[in-house]
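2 protein chains.
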Amino acid sequence: MMKIKGLQRYGQLKNPYRKAIIINPIMTGGLVPEKVQQRLFEEGWTKIGYSVCFDCLEGRSSLISKPPVRQFLNDVAEFFGGDRAEHTFGCRAAQFAVMKTMKNFVENEGSKDYAKVVITDPLCHYTTGIAAEATGFRLVEPPHTGYPEYKVNAEGFQQKIEEIKKDTGKLPGLVAVTHVEPYYGNLNPVEEVGKIAEEYNVPYMVNAAYTAGVMPVDMRTFHADFLTVSAHKSMASLGPLGFLVTNYGWAKRTFQTSKMTTGWSGRAFGKKIPNIFGCSVGGIPLISAMSSFPHVVERVQRWEEELEKIRWFIRQMEKLDDIMLLGERPHKHHLLHFETPIFWEISKRHKRRGFFLAEEMIKRGIVGLHRGLSKHIKLSLYGLEWEEVKKVRDAFHEIAEDFSKKLNLGYAVTDVTDEHDEEGGE
Amino acid sequence: MMKIKGLQRYGQLKNPYRKAIIINPIMTGGLVPEKVQQRLFEEGWTKIGYSVCFDCLEGRSSLISKPPVRQFLNDVAEFFGGDRAEHTFGCRAAQFAVMKTMKNFVENEGSKDYAKVVITDPLCHYTTGIAAEATGFRLVEPPHTGYPEYKVNAEGFQQKIEEIKKDTGKLPGLVAVTHVEPYYGNLNPVEEVGKIAEEYNVPYMVNAAYTAGVMPVDMRTFHADFLTVSAHKSMASLGPLGFLVTNYGWAKRTFQTSKMTTGWSGRAFGKKIPNIFGCSVGGIPLISAMSSFPHVVERVQRWEEELEKIRWFIRQMEKLDDIMLLGERPHKHHLLHFETPIFWEISKRHKRRGFFLAEEMIKRGIVGLHRGLSKHIKLSLYGLEWEEVKKVRDAFHEIAEDFSKKLNLGYAVTDVTDEHDEEGGE
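Chains A and B, in that order, are what the protein sequence lines are.
Here the first sequence is numbered in our numbering, starting from 1 and rising by one per residue.
Here the second sequence is numbered in our numbering, starting from 1001 and rising by one per residue.
Each hint should be verified, as a subset may be incorrect.
PhoX-like, lysine-lysine: derived pairs with alpha carbons at most 20 Å apart [what the hints assert, rightly or not]:
(1) B:K1035 to A:K100
(2) A:K14 to B:K1066
(3) A:K66 to B:K1116
(4) A:K252 to A:K103
(5) B:K1271 to A:K259
(6) A:K103 to B:K1019
(7) B:K1100 to A:K103
(8) A:K100 to B:K1103
(9) A:K14 to B:K1363
(10) A:K363 to B:K1363
(11) A:K103 to B:K1014
(12) B:K1066 to A:K66
(13) B:K1271 to B:K1066
(14) A:K116 to B:K1100
(15) B:K1066 to A:K100
(16) A:K66 to B:K1100
(17) A:K35 to B:K1014
With the Cβ distance kept under 8 Å, some of the chain B side facing chain A (calculated, not the full set) [unchecked claim]:
(18) G1044
(19) E1133
(20) S1265
(21) F1277
To be clear, the hints were calculated from the coordinates, so they are not data collected in a lab.
Don't be surprised by glycine CBs; every beta carbon is placed ideally from N, CA and C.
Sequences are here, hints too, so could you generate the full structure?
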């Protein structure tokens, strides 16, 4: 029998951030409520990968009624303004399924009218690019406005559709817009683009990985044919899990069941959906998403409170010399991207270089800044209590002031006291 | 704000099988040790979907060193006799990645010599079929021997290769064999087929979903280029999680990083691997697989003990009138398929029809028979203590005897006492 060195390390994995305040924008919308965590453990859902499969009768997790997966998917579809939903291996797998659908469409029934081109926003998530690459679509992007706002206008999409028409004589096979883009947290004009796509009769996907489950999202108002969702990013869920929501018009093609038969044995798998690998299993991520769903439905109604917190925090950060939010103002999402020259200056003189900032934050019980970056930082305060938000602000201010003094950088912090401090934060 | 009826149901999901003995063959190899479950909860790994991503520096989970994911994948590759491994969204996604690799190969550099055909065993898992369908491969199967053993011979693969050569002038693009097939638990002749594939220079995949992690598996002895593994099926792990293991020869093509650039913005995603959707996230399934790995490495060494248990149980079941194991003898895997005329007879007279058997078992604290089936049953005792194995046997015997008497069916059970009963099971 082979020996593997240091095997015991795997049995003792520690989570050093168990009690930290988490501010990583990919994480804050996915945090599982404590009560749900407790239930996952106590009900024994952490015992087994196939946790939803005990009473599976039809061979596909989305058809299971005990626990009520089928009902849940109907409710998810309704919650996001769609007609049908399937759970997927994350939002990336949902986007892949959309592109697969469009690939089949463009190569077959739509071949006269559509080209294998996707028009997408220039700050789309990388998974949109990977899904296009994996299915052989070419990406075309309208421009953004550049520094410091990086905004994308709906007109750019219309121009690109026209360009593609001119170049190929066909329409693009898909318009895919990221509802909120992952670089600056800008809310894209998904409704306006939707109207344009509808006018041209181009299928339209909105990637709501950063929004569906934290703020109100209704794909009907977007005029969208497809909505892709990340449960572990924005639905208080364990991962990997996502949802693909679509309308009746596209559901049949997207969730087309298997048509193949094997060779000699003549088997068929008529309940399975090839675009989502037959059956997407679900497992503990699905149980966690179901358990968190009442919480998610309730919290999106409190989005305005989150925006208030976000905007307060931006003002507080900008009281630090030279620190500036990038992206649109007023800001409409919890993903914040600051340029932070002061931390960049400190990093040049610090023995830990760019790593100093994330490490100083961790010392203060706050985790989630990308290690190594100090010139720009991305963070999110979604779901934090006011006390925690202030703790994050204080940490940044303290680090700036301490090192500024120590290194004689001459940076100044404007007085930050404001109504939230005075009123105890509420 | 929309209202969703009955939302509270999701917050109170109960696991009615929390304390049951589990005998579903897709589940028994995936059960997470209690100590690991405890740690998942206590270390806060159940708090967050992106649990492995806190210290991600390069943007791909498989490159993370804290926790030691990169090292773990090296160890997994070594453990299964391969050179490189990536984690995937389950074994189905691993098979898909193999077929994608072969699709690119067959359509490009191998286009002169290889056809878009996969030769697979006639009892392959449905996911092999779905992966072929999703990538446009045609499936070709050699026959099995039929009732009651359903065995597959290596020669059949050679014949099929020759047939394809004759028909197309090319070799098949892939030979894909299920190490142990999911219908009867037969161990396929993976080494012999591997030698044949090697002779013909046809790339060779072994799907070890039911074996890798429960019994010794070494892809080098199989002459395999690809090994696909299910963590939630056979590695004591939560799901969805799988592994794709390959050799240096194929690793570059299989794990080829993204080559695309987006349009206007000119972005590139050079660390991401399109065949596995860029980055396979990992999350709590990956943490659980890592935590269970020492246990898995240890337990495969005790496979002979499991076989002893399995064979004892088969003898005991066959003491029930007419009950017979299907599949090969001696049996070499924990997946057991019995034909059970006695239960079929009972079901015809029972008001719950075919459901009676699974329900009677559940009453006795044993879950995992497919609800509705009584003519044939599939089950597994993998990992159970002797006392539990006997409890399962007793349950079947009791149900048979009780109903046989009640319904005057005249079935008889041979005396079942044997050395294991007398010795207290050890």
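Evaluation of the provided hints:
no.	hint	in the structure
1	B:K1035 to A:K100	41 Å, violated
2	A:K14 to B:K1066	10 Å, holds
3	A:K66 to B:K1116	40 Å, violated
4	A:K252 to A:K103	15 Å, holds
5	B:K1271 to A:K259	35 Å, violated
6	A:K103 to B:K1019	46 Å, violated
7	B:K1100 to A:K103	15 Å, holds
8	A:K100 to B:K1103	15 Å, holds
9	A:K14 to B:K1363	40 Å, violated
10	A:K363 to B:K1363	53 Å, violated
11	A:K103 to B:K1014	41 Å, violated
12	B:K1066 to A:K66	38 Å, violated
13	B:K1271 to B:K1066	18 Å, holds
14	A:K116 to B:K1100	19 Å, holds
15	B:K1066 to A:K100	35 Å, violated
16	A:K66 to B:K1100	35 Å, violated
17	A:K35 to B:K1014	14 Å, holds
18	G1044	4 Å, holds
19	E1133	4 Å, holds
20	S1265	4 Å, holds
21	F1277	4 Å, holds
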